[in-house]
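Chains as they are written, first to last, in UniProt numbering: chain A, 1 to 475; chain B, 1 to 453.
Misleading hints may appear alongside valid ones.
[What the hints assert, rightly or not] Computed list of lysine-lysine pairs in DSBU-like fashion (alpha-carbon distance at most 35 Å, straight line):
id	chain 1	residue 1	chain 2	residue 2
1	A	Lys461	B	Lys36
2	B	Lys420	B	Lys404
3	B	Lys428	B	Lys116
4	B	Lys97	B	Lys420
5	A	Lys127	B	Lys211
6	B	Lys116	B	Lys97
7	A	Lys461	B	Lys420
8	A	Lys197	B	Lys420
9	B	Lys225	A	Lys63
10	A	Lys367	B	Lys351
11	B	Lys97	B	Lys428
12	A	Lys33	B	Lys97
13	B	Lys388	B	Lys36
14	B	Lys351	B	Lys36
15	B	Lys297	B	Lys428
16	A	Lys130	B	Lys97
17	A	Lys127	B	Lys97
18	A	Lys367	B	Lys308
19	B	Lys220	A	Lys339
20	A	Lys367	B	Lys428
21	B	Lys82	A	Lys34
22	A	Lys339	B	Lys36
23	B	Lys125	A	Lys367
24	B	Lys308	A	Lys472
25	A	Lys472	B	Lys428
26	B	Lys404	A	Lys33
27	A	Lys339	A	Lys114
28	B	Lys97	A	Lys34
29	B	Lys297	B	Lys129
30	B	Lys351	A	Lys461
31	A	Lys61	B	Lys420
32	B	Lys220	A	Lys33
33	A	Lys130	B	Lys428
34	A	Lys61	B	Lys211
35	B	Lys428	A	Lys114
36	A	Lys96	A	Lys34
37	B	Lys36	B	Lys82
[As the list claims (entries may be wrong)] Covered stretches of chain B (chain A as the covering partner; in silico rule of three or more C-beta atoms under 8 Å from a C-beta of chain A):
id	segment
38	40-49
39	61-71
40	101-109
Since the hints were made in silico from the structure, they are not lab data. None of the values given here were measured: they were computed from a predicted structure. Backbone N, C-alpha and C fix where the C-beta goes; we use that ideal spot for every residue, glycine too.
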Amino acid sequence: MTQSVVVQVGQCGNQVGCRFWDLALREHAAVNKKGIYDEALSSFFRNVDTRSAGDGPDIYKGKICSLKARALLIDMEEGVVNEILQGPLRDVFDSKQLITDVSGSGNNWAIGHKVYGCQYRENIVEKLRKTAEHCDCLQCFFIIHSMGGGTGSGLGTFVLNLLEDEFPEVYRFVTAVYPSGEDDVITSPYNSVLAMKELNEHADCVLPIENESLFDIVNKIHQMMNSGKLGSTVKPNSLVTSSAGITKAVQEKPFDAMNNIVANLLLNLTSSARFEGSLNMDLNEISMNLVPFPRLHYLVSSLTPLYTLADVNVPSRRLDQMFSDAFSRDHQLIQADPKHSLYLACALLVRGNVQVSDLRRNIERLKPSLHFVSWNQEGWKTGLCSVPPVGHSHSLLALANNTCVKPTFMELRDRFMRLYKKKAHLHHYLQVDGMEQSCFSEAVLSLSDLIEEYNELDATKGGPRADPSRLKIAV
Amino acid sequence: MSLVTVQLGQCGNQIGREVFNAICSDVHGTHGLCSKKENESYHDACKERFFIEAESGVPVARAVLVDMEPKVISQTLSIAAKSGYWKYDDHSHFCQKQGSGNNWANGYTVHGPRHKEAIMNLVQKEAEKCDRLGGFFTIMSMAGGTGSGLGAFVTQCLRDAFPSSFILNHVIWPYGTGEVIVQNYNSVLTLSHLYQSSDALLVHENDVIHKVCAQLMHMKQISFKDVNQVIAHQLGSVFQPTYTAEDGLHYSRNPLGDLMETLVPHPEFKMLGLRNIPQMPENSLAYSTFSWPGLIKHLRQMLIANAKMEEGIDWQVQPPRPGSSVPSSRSTNKLLHFNTSIANLVILRGKDTHSADLGSFRDPSLYTSWLNPQDAFSAWKTPRAFNKYEKSASLVSNSQFLLKPLDNVVRKAWNMFASKAYVHQYTKYGIEEEDFLDSFTALEQVISSYTIL
Numbered sequence: 001m002t003q004s005v006v007v008q009v010g011q012c013g014n015q016v017g018c019r020f021w022d023l024a025l026r027e028h029a030a031v032n033k034k035g036i037y038d039e040a041l042s043s044f045f046r047n048v049d050t051r052s053a054g055d056g057p058d059i060y061k062g063k064i065c066s067l068k069a070r071a072l073l074i075d076m077e078e079g080v081v082n083e084i085l086q087g088p089l090r091d092v093f094d095s096k097q098l099i100t101d102v103s104g105s106g107n108n109w110a111i112g113h114k115v116y117g118c119q120y121r122e123n124i125v126e127k128l129r130k131t132a133e134h135c136d137c138l139q140c141f142f143i144i145h146s147m148g149g150g151t152g153s154g155l156g157t158f159v160l161n162l163l164e165d166e167f168p169e170v171y172r173f174v175t176a177v178y179p180s181g182e183d184d185v186i187t188s189p190y191n192s193v194l195a196m197k198e199l200n201e202h203a204d205c206v207l208p209i210e211n212e213s214l215f216d217i218v219n220k221i222h223q224m225m226n227s228g229k230l231g232s233t234v235k236p237n238s239l240v241t242s243s244a245g246i247t248k249a250v251q252e253k254p255f256d257a258m259n260n261i262v263a264n265l266l267l268n269l270t271s272s273a274r275f276e277g278s279l280n281m282d283l284n285e286i287s288m289n290l291v292p293f294p295r296l297h298y299l300v301s302s303l304t305p306l307y308t309l310a311d312v313n314v315p316s317r318r319l320d321q322m323f324s325d326a327f328s329r330d331h332q333l334i335q336a337d338p339k340h341s342l343y344l345a346c347a348l349l350v351r352g353n354v355q356v357s358d359l360r361r362n363i364e365r366l367k368p369s370l371h372f373v374s375w376n377q378e379g380w381k382t383g384l385c386s387v388p389p390v391g392h393s394h395s396l397l398a399l400a401n402n403t404c405v406k407p408t409f410m411e412l413r414d415r416f417m418r419l420y421k422k423k424a425h426l427h428h429y430l431q432v433d434g435m436e437q438s439c440f441s442e443a444v445l446s447l448s449d450l451i452e453e454y455n456e457l458d459a460t461k462g463g464p465r466a467d468p469s470r471l472k473i474a475v
Numbered sequence: 001m002s003l004v005t006v007q008l009g010q011c012g013n014q015i016g017r018e019v020f021n022a023i024c025s026d027v028h029g030t031h032g033l034c035s036k037k038e039n040e041s042y043h044d045a046c047k048e049r050f051f052i053e054a055e056s057g058v059p060v061a062r063a064v065l066v067d068m069e070p071k072v073i074s075q076t077l078s079i080a081a082k083s084g085y086w087k088y089d090d091h092s093h094f095c096q097k098q099g100s101g102n103n104w105a106n107g108y109t110v111h112g113p114r115h116k117e118a119i120m121n122l123v124q125k126e127a128e129k130c131d132r133l134g135g136f137f138t139i140m141s142m143a144g145g146t147g148s149g150l151g152a153f154v155t156q157c158l159r160d161a162f163p164s165s166f167i168l169n170h171v172i173w174p175y176g177t178g179e180v181i182v183q184n185y186n187s188v189l190t191l192s193h194l195y196q197s198s199d200a201l202l203v204h205e206n207d208v209i210h211k212v213c214a215q216l217m218h219m220k221q222i223s224f225k226d227v228n229q230v231i232a233h234q235l236g237s238v239f240q241p242t243y244t245a246e247d248g249l250h251y252s253r254n255p256l257g258d259l260m261e262t263l264v265p266h267p268e269f270k271m272l273g274l275r276n277i278p279q280m281p282e283n284s285l286a287y288s289t290f291s292w293p294g295l296i297k298h299l300r301q302m303l304i305a306n307a308k309m310e311e312g313i314d315w316q317v318q319p320p321r322p323g324s325s326v327p328s329s330r331s332t333n334k335l336l337h338f339n340t341s342i343a344n345l346v347i348l349r350g351k352d353t354h355s356a357d358l359g360s361f362r363d364p365s366l367y368t369s370w371l372n373p374q375d376a377f378s379a380w381k382t383p384r385a386f387n388k389y390e391k392s393a394s395l396v397s398n399s400q401f402l403l404k405p406l407d408n409v410v411r412k413a414w415n416m417f418a419s420k421a422y423v424h425q426y427t428k429y430g431i432e433e434e435d436f437l438d439s440f441t442a443l444e445q446v447i448s449s450y451t452i453l
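Build the full structure now, drawing on both the sequences and the hints.
Set out below in structure tokens:
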């Protein structure tokens, strides 16, 4: 069994990460009734004997002693991390897994990337190595950060580069939260575009998330619940936004519901690597199947169902609805419409009581309404994991490599250009050591190239499709 | 003689377990419908072929399990052990922690060389346990990374280490869509490499078996287990003991040798398809009766019309008449659908097999002209009924059965290759564009050879 390490950077990264660890514990508690430290648990948690002095040795077999998250928490302020350390999850982390500062990055990518990057480099590498040493076969780093701020985007992408240098064999999956149009951070377009260049060059896969979409999904569920139409028939633990039944008793914070969606995304993404299934889908299969060209590694995700009704009989109609919803605009975790754009590839990660015939039926049914690039007309990858999420009988995570990410990137570029033309706020960046104006022009060029790659693919959409002529063999 | 089964990757391990299960439940069943003596010698022949007698009394499968990831193997071992009828050897498996990630190149160029010694040691040990080694039977899918890439590598190693042993590769042809996106690349690389080191490729298409489950077995929700059980049944129907000679004195001791001798007369033609009849839900069996002429007539039409199963056979298709050199347009059309054979093997199991007349399979017009029709057909028989079917017939055919599926795989892979999509994932592990081109060339050659039969 392989292990993964989560690196959560900045306020957003740590808040999402915190929800992830909470829900991961809830999921394993639901599956692992006997309290035995098993392989599934080992993928994200160490089992440590804390009674011995210092950093206790790992215990590989037997009862769960004390679970420690395979995580590195980085923030250049103390607030969020301190809160985690005082909260119910405090036992899952120890001081050796934290890197904090007091003064913050001032919403400045350059401060996060260049200043703190240099300053904390050694410290970060050392802690990453320690974490990696505890793994028996480290497969993947999950980096979680926002794109708009200073620490997450700047230092987060700095860590991404470090990981590539230090652990070239280990996959790097980035969960990146993009700012919405009405972001209150004025410099967020700069930060995002500067960070995008790093993601383009150094990530294996990026899962872009937009706060706006999370907000819409939370609202949608809220309306459904309060409209009385569903009311009591919804199973309490089954909302993709819910934290019910988990370790904490503290009042939920407003962002928790939104962050829980992202946490569930990561849980479902890794479920097949942790639990058994009739068609396993390991993490390394995701980039292999979904990334046809190195830079086109942005995957639009959607989670369905958003909740499960309490009645236990699942008519196949409702199962089919789960598949249909995964392709609808309002279930995507960014503002995008995959149905009316071009698919390069698509993966369906199914959990629970779903068989290969259900998968095939739904792929056949949905295929005619979707556009796939000419050379990948059958670009479907599927996984069947037998363990469903807590409270559900089944669930689906759809990952789409689709040109529908392009509008998000174009809008980001427009907002960047509006500031950049006036050279607004530029001096805050240029006064940082090692930060040149060329960093800006190169970053926006990198983004433009990416958009151009998507444009070229879009241009093939709907055109006449002629198979390239085959190799001729002398008979 | 004994066969050593090598199960590779998730698919290979899941199917391998079902095969041993099917063989074991057939042997232990009370449905044999033959004399006690007959049943005993069938039993003995089967045991020698597939199992080792252990002191515990529970037979141990002659198998080596290989995967690059631990979950499937541990599941396979424990399910087999729970059956109580048979089990795997405790030490005859090899797994690593991280799978091949659907990447053929990763399996072939990284995992293969790295673990060659460990895997071949296990194979060697298993081979030494056989009084007489009848060859190797590998089970793998060609879609993923381990079964396909590592499978191709291991097959090459087997060929090097056992140059005179028979190697039959059982290959699972993935669903046309929806399993693995790079499956056509992986398939092209697998098939072209196996073609060099294997004696024959016995192919099962997932799409076909899925249809068998839906239409013949009347299953509503079909799982991989269901599909794998049908595959295991079909394999059992070929590899359980039979009399290969007319005299019927001894059960054949060299199934792979007999199979190759019959079916693979030329190294350019190694693709074997498998059809069986009847195939139905267990609870319908009690209400069904079969006659040999009926079964044989259907099986023959399945062969010449290239029908994948008993349902929906095109009865219009007929072999070309000798002498009608200028066919009318209508008959040309029919000729196009006619499936030309190189060689066929029919296996009959059950009551009164001696009365079954297989003359219709000896018709020279079924076969390509460059082989003597006498050599192109053989029949194996046993009075022992198989797996609850009072009478059953299987056909292993080296014919144009797989021409269209092969052409589709090569076409789709070539389309993708023309845009260079995903190629970087392979070059990362040392498989270059030229390697792809070599593989495409090799398979275009195979397609061309089968087309002009």
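Okay, the hints, checked on the actual structure:
1. A:Lys461 <-> B:Lys36: Violated, because 68 Å separates the two Cα atoms, which is more than 35 Å.
2. B:Lys420 <-> B:Lys404: holds, 24 Å
3. B:Lys428 <-> B:Lys116: Status holds; Cα separation ~21 Å.
4. B:Lys97 <-> B:Lys420: Holds, at roughly 31 Å.
5. A:Lys127 <-> B:Lys211: Violated, at about 54 Å.
6. B:Lys116 <-> B:Lys97: The given pair, whose Cα atoms are some 16 Å apart, holds under the 35 Å limit.
7. A:Lys461 <-> B:Lys420: holds, 18 Å
8. A:Lys197 <-> B:Lys420: OK: A:Lys197 and B:Lys420 at ~24 Å, within 35 Å.
9. B:Lys225 <-> A:Lys63: Holds. B:Lys225 to A:Lys63 sits at ~33 Å (cutoff 35 Å).
10. A:Lys367 <-> B:Lys351: Distance of about 48 Å is beyond 35 Å: violated.
11. B:Lys97 <-> B:Lys428: Distance ~20 Å between B:Lys97 and B:Lys428 Cα, so the pair holds.
12. A:Lys33 <-> B:Lys97: holds, 25 Å
13. B:Lys388 <-> B:Lys36: holds, 17 Å
14. B:Lys351 <-> B:Lys36: holds, 14 Å
15. B:Lys297 <-> B:Lys428: violated, 52 Å
16. A:Lys130 <-> B:Lys97: Satisfied, since the Cα-Cα distance of roughly 20 Å is no more than 35 Å.
17. A:Lys127 <-> B:Lys97: holds, 24 Å
18. A:Lys367 <-> B:Lys308: holds, 25 Å
19. B:Lys220 <-> A:Lys339: holds, 29 Å
20. A:Lys367 <-> B:Lys428: Roughly 31 Å separates the two Cα atoms, so the pair holds.
21. B:Lys82 <-> A:Lys34: It holds: about 21 Å lies between the C-alpha atoms, which stays within 35 Å.
22. A:Lys339 <-> B:Lys36: Given pair A:Lys339, B:Lys36 is violated - Cα atoms ~65 Å apart, limit 35 Å.
23. B:Lys125 <-> A:Lys367: violated, 49 Å
24. B:Lys308 <-> A:Lys472: holds, 29 Å
25. A:Lys472 <-> B:Lys428: Given that 35 Å is the threshold and the Cα spacing comes to 28 Å, the pair holds.
26. B:Lys404 <-> A:Lys33: violated, 50 Å
27. A:Lys339 <-> A:Lys114: It is violated: about 40 Å lies between the C-alpha atoms, which goes past 35 Å.
28. B:Lys97 <-> A:Lys34: holds, 24 Å
29. B:Lys297 <-> B:Lys129: It is violated: about 43 Å lies between the C-alpha atoms, which goes past 35 Å.
30. B:Lys351 <-> A:Lys461: Judged against 35 Å, a Cα distance of about 60 Å means the pair is violated.
31. A:Lys61 <-> B:Lys420: Roughly 46 Å separates the two Cα atoms, so the pair is violated.
32. B:Lys220 <-> A:Lys33: holds, 33 Å
33. A:Lys130 <-> B:Lys428: Distance of about 28 Å is within 35 Å: holds.
34. A:Lys61 <-> B:Lys211: violated, 44 Å
35. B:Lys428 <-> A:Lys114: Distance ~31 Å between B:Lys428 and A:Lys114 Cα, so the pair holds.
36. A:Lys96 <-> A:Lys34: holds, 29 Å
37. B:Lys36 <-> B:Lys82: holds, 29 Å
38. 40-49: That given contact is violated, which follows from only 0 residues of the segment 40-49 of chain B lying within Cβ reach (below 8 Å) of chain A.
39. 61-71: Satisfied; 3 residues make the cut.
40. 101-109: With 3 residues closer than 8 Å to chain A, the segment 101-109 of chain B meets the three-residue bar; holds.
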